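Visitor: Since the structure of chain L is already known, use the hints to place chains A, F and H on it.
Protein chains: 4
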Amino acid sequence: MRFVSDNAAAAHPKIIEAIAESNRPDTAYDGDQWSKRLDGVFSDLFETKVRALWVSTGTAANCLALAALCPPYRAILCHREAHIETDEAGAPGFFTGGAKLVLLDGPGAKITPEAVNAACDRIWKDVHQVQPAAISITNATEYGRVYRAGEVAALGDIARSRGLALHMDGARLANAIATTGERLADVTWRAGLDTLSFGFIKNGGLNAECLVLFKTELADEIEVRRKRAGHLSSKGRMLAAQILAMVEDGLWLKNARAANSAAQVLAKAAPGRLLHPVEANEVFLKASAEESAALRAQGFEFYDWREGEIRLVTSWDSDERAVQMLAAASAALG
Amino acid sequence: MRFVSDNAAAAHPKIIEAIAESNRPDTAYDGDQWSKRLDGVFSDLFETKVRALWVSTGTAANCLALAALCPPYRAILCHREAHIETDEAGAPGFFTGGAKLVLLDGPGAKITPEAVNAACDRIWKDVHQVQPAAISITNATEYGRVYRAGEVAALGDIARSRGLALHMDGARLANAIATTGERLADVTWRAGLDTLSFGFIKNGGLNAECLVLFKTELADEIEVRRKRAGHLSSKGRMLAAQILAMVEDGLWLKNARAANSAAQVLAKAAPGRLLHPVEANEVFLKASAEESAALRAQGFEFYDWREGEIRLVTSWDSDERAVQMLAAASAALG
Amino acid sequence: MRFVSDNAAAAHPKIIEAIAESNRPDTAYDGDQWSKRLDGVFSDLFETKVRALWVSTGTAANCLALAALCPPYRAILCHREAHIETDEAGAPGFFTGGAKLVLLDGPGAKITPEAVNAACDRIWKDVHQVQPAAISITNATEYGRVYRAGEVAALGDIARSRGLALHMDGARLANAIATTGERLADVTWRAGLDTLSFGFIKNGGLNAECLVLFKTELADEIEVRRKRAGHLSSKGRMLAAQILAMVEDGLWLKNARAANSAAQVLAKAAPGRLLHPVEANEVFLKASAEESAALRAQGFEFYDWREGEIRLVTSWDSDERAVQMLAAASAALG
Amino acid sequence: MRFVSDNAAAAHPKIIEAIAESNRPDTAYDGDQWSKRLDGVFSDLFETKVRALWVSTGTAANCLALAALCPPYRAILCHREAHIETDEAGAPGFFTGGAKLVLLDGPGAKITPEAVNAACDRIWKDVHQVQPAAISITNATEYGRVYRAGEVAALGDIARSRGLALHMDGARLANAIATTGERLADVTWRAGLDTLSFGFIKNGGLNAECLVLFKTELADEIEVRRKRAGHLSSKGRMLAAQILAMVEDGLWLKNARAANSAAQVLAKAAPGRLLHPVEANEVFLKASAEESAALRAQGFEFYDWREGEIRLVTSWDSDERAVQMLAAASAALG
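So the protein lines, in turn, are chains L, A, F and H.
So the first sequence is numbered by my numbering: it starts at 207 and just counts up by one.
So the second sequence is numbered by my numbering: it starts at 207 and just counts up by one.
So the third sequence is numbered by my numbering: it starts at 207 and just counts up by one.
So the fourth sequence is numbered by my numbering: it starts at 207 and just counts up by one.
Please keep in mind that the hints were generated in silico from the structure rather than gathered at the bench.
Treat the hints with caution; some may be incorrect.
Where chains are identical, the list cannot tell them apart; a pair therefore holds if satisfied intra-copy or between any two copies.
List of simulated lysine to any residue pairs, SDA-like, C-alpha gap at most 20 angstroms [to be verified]:
hint : residue 1 : residue 2
1    : 331       : 509
2    : 421       : 247
3    : 460       : 254
4    : 242       : 334
5    : 492       : 471
Quantities reported herein were computed from a predicted structural model and do not represent experimental measurements.
For reference, chain L alone in the conformation it holds in the complex (with noise of 0.2 angstroms):
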């Protein structure tokens, strides 16, 4: 009973299948049949012209569009629980050329516009101190917090008066969706956002990702690192058939939901115990060592975070049995 990530499911049969359906020979890497339809299935999703490039990997998504919004002499803000800080084993200082991370603090991994603000004030405007360039947010954050659209928007507005690029690391924005409801425009390029790590893999998908670009003239630079990142596979269109097997009957969303709802059956056994309100697919918990212990006595597998903390997390296909008997568990802890 997995409740450790949502990295670790199953791709959706759906997924695998249309893998089977586009092996067959075309053009290589991305001049396929299926690659060449991703700029206009996502313009149709965001309601405007995007570029939409396949990746295998969030890393590798979130690190292309970094590189290519900020300089190797300059900085990105994030929250200082960032996935690109703390999980990415420093490819944001790889992909950029060394540019830096400056991290700032907010609750459940959410960035403020007062936590921007504040960082942005405190650098000297001369040469010896690393200046921004642009600000990176994850949603639903590391903690299963999302951001509204007009959360977006407030940072969109002071990044564009800052003359900062906004990126958004999306390895979870289904599930963020999921529960607002919000169209995806509202909460991405309507509230200044440049670029977006729209996650699959998390989802259900198998590998692959999909950056999607709003500034779209970003993309020959960025097709270009990532064939020098080892990125533009052969037979991309194995990457492309997954994506689209996601997007073109909602398959992306009625995962996600799949994955919240069960998580707020998880939340809602042990309300008590709750470090972050769940808007996600991620349930974090008070437990102490010893009923942590018992948990995982009961076979529940599942993450501490840390001390007297730990992390439950759904995904598209949790079973629902495994749901249920863990709530109950967790309620049973009293």
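Guide: Chains A, F and H alone, transformed into the frame defined by chain L:
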């Protein structure tokens, strides 16, 4: 009737099956049961203890290895027409942090001991000139030529005596082995190789290559670099499963033999036009613009190479009838 | 009446003399008679065999050392207000190829063993998080605080036990030694230091710092990196001659004592306003905007620090009368 | 009797005087009165508005410019024997973050429009091959050959039509101008140059070069890169003062003429041995090992170049008697 590139071929059905079979929840990244078997399977295959890491492109495999073998301030010797120089968008510069490629000449994109020695002797032993750290060879080469074990060993001797590492880009190593019948051990570590990119994608795989480390102590660093480059797939079992499917029942050799046989049919049809001996699955022919157009008019697709030259590439799934037709058409050119 | 920075002071006349005397043809780069004496002179000074390389800025000295101590994919622990973090334009990221600075807190910009241990313990030992490789401390710190030999040794012990290298930014090491009277050996290599940027420019030099390598085997790599970073001056004798002039007759200590004495005069004049104990040549005072303006109106130049704080820096050539006047003016603020 | 390198010569006495005179407290870095005059003085000298930044080595000047002109994923075209390729320890790779040098051939280390066009035409316009971004030429070249204004303009035309930037390594530009008598404006920006490393160190300076930006909008970025590379000296007035001393009274031309004249004496003594026309201050002669030894036995110091070749370099302070003696000795070889 495609003879453009083995890159563009479909994956073998067993590969798709292997992906489908591995599609169940397991530990994320490379902690799953498939990934964990790679070291053992490749140690058996190579008759020595190796570390074997999946990567999703040949560029990544080559450049992760080179980054571990060559510090940013040193150089890699390779052929002027090596894939790492001509077709990886400068990836070696990116992964190494600015190391230099020193380009050697040699027939059929093979480098010779003489060329290596001459290049090294030309470099002054001071801080002003970039000192070499590694040699990289491609086997089979970009012109479909094959290094025999003895030839690799001659380069390995030089490498050892000059303190250089030795890497092999084996994107088409299977084709080479299918031709020579040599043992993998003989043409790799026994010949002095430190690292090998063992290619499967051009040989019926979908998106998995195997980076084989004979110098096993490099594994820790390369695992970090793989993550940092966005190449640690969270559902890595789909990569491991492909590789296992290729290796465990000898599919890699079977596929390579099929591709090589098709190339021999083409080679024998136009012996007077051959620009290089055909030892793998690539056939380079002299062909005037008119001749090339005539072949295209008959429905054959292929690359124009240099002026008056064309490149025909066969693959594991080359259609036998199409091969025969192309052979006949080439012969008919006179 | 300048108290802005010791950076802006003139060079000591003996430095200019040394440059003039060394101005004759000799071997280029560092093959001249002055450069060749550095290793010996510094080995004597530090009572152990060291390698000593001239560099023309402190940023270069720090970052060349850090690049040799920390690979691109690992991290350097330093104080949040360390010069390498706040005043070098991201140079550590550039020289290392993207390594990360992990920022620690601690009073007076000193880092404590507890802070180092806590930071290291917080990092998960896997490929997802950037593992530390080195600690960098500044002595005297950016707030004019001094590490005693025992304090450095405590950090050195942690470094050794955790497999980390230890670097000291000694831009104001002379001021520290002038205060403590400790032996250079005790506060450096005997305390576990691997590399030291020994600063002279803030202490009466013109443009020469000395990078002292206790881990002498780093010298070859650092010499290459120095050249590669454009820091191998062709007439390097002018740098070596400055350093020799500073060291050989104890000028470095004499100058530092003069600067420290001036700082003590300022410190004693306004003991109630001191933000940090004054242990070197920097004095940080509480001062309202009005008080700060009042001092400026009397002709004193200095930096505003954070709101309500000012920074006064003395130097080897601080004018005694100006110091007395500033002391009186500070005291008069009440 | 040194003919090894103009690098190793002494600085002109006026340079030492200028350093001594500038040795007083002033604003740190480049905020002082000397540094602030550079833009104006060089704008006058070049008859157009330029930005002029001091740097302490030619390698830094070249590579800061190239890093601003060429992103990490593109290439710089230069001669196979260009200083940036052969003598800067890979600094272009370091400063640019991994850009590639594409090496061209051409007599006397000069590159021709044909060579540039051929190299560009050979690069496929796709993401697999590294696209060029800039051309770098050296004037006078590493073999003492000179580009006339018309020749630079021909390269400038190609650069403009192909969207490439054009940089000149002018380490010996003074020697070139001393020979041609051309206006600086004509051989630089009027011919299409974007940036120029104007060298003084080989021409009687001590450690200051001037990076002249005709594309003035590059200045902000390059100032940040200069700091980030550890090249923003805190007492930068000593660098500015040197440059002003070289430029303001025409010392740069006077020194170059002296060096060139000495070279002509050597050239005329052995016309049959000349490997290249002598247009600056370098003389390359055919000389067998025995002949070379014979010259050395008479006390002359110089570099052996390729087998059977020697390089003689004169400088602003070449001793007239030594030059005459070397001329006689060369002539006597027969």
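Visitor: Next, verify each hint and record whether it holds.
Guide: Evaluated hints:
{"no.": "1", "hint": "331 - 509", "in the structure": "between (42 angstroms within a copy, 15 angstroms between copies)"}
{"no.": "2", "hint": "421 - 247", "in the structure": "within (17 angstroms within a copy, 41 angstroms between copies)"}
{"no.": "3", "hint": "460 - 254", "in the structure": "neither (23 angstroms within a copy, 48 angstroms between copies)"}
{"no.": "4", "hint": "242 - 334", "in the structure": "between (45 angstroms within a copy, 18 angstroms between copies)"}
{"no.": "5", "hint": "492 - 471", "in the structure": "within (16 angstroms within a copy, 55 angstroms between copies)"}
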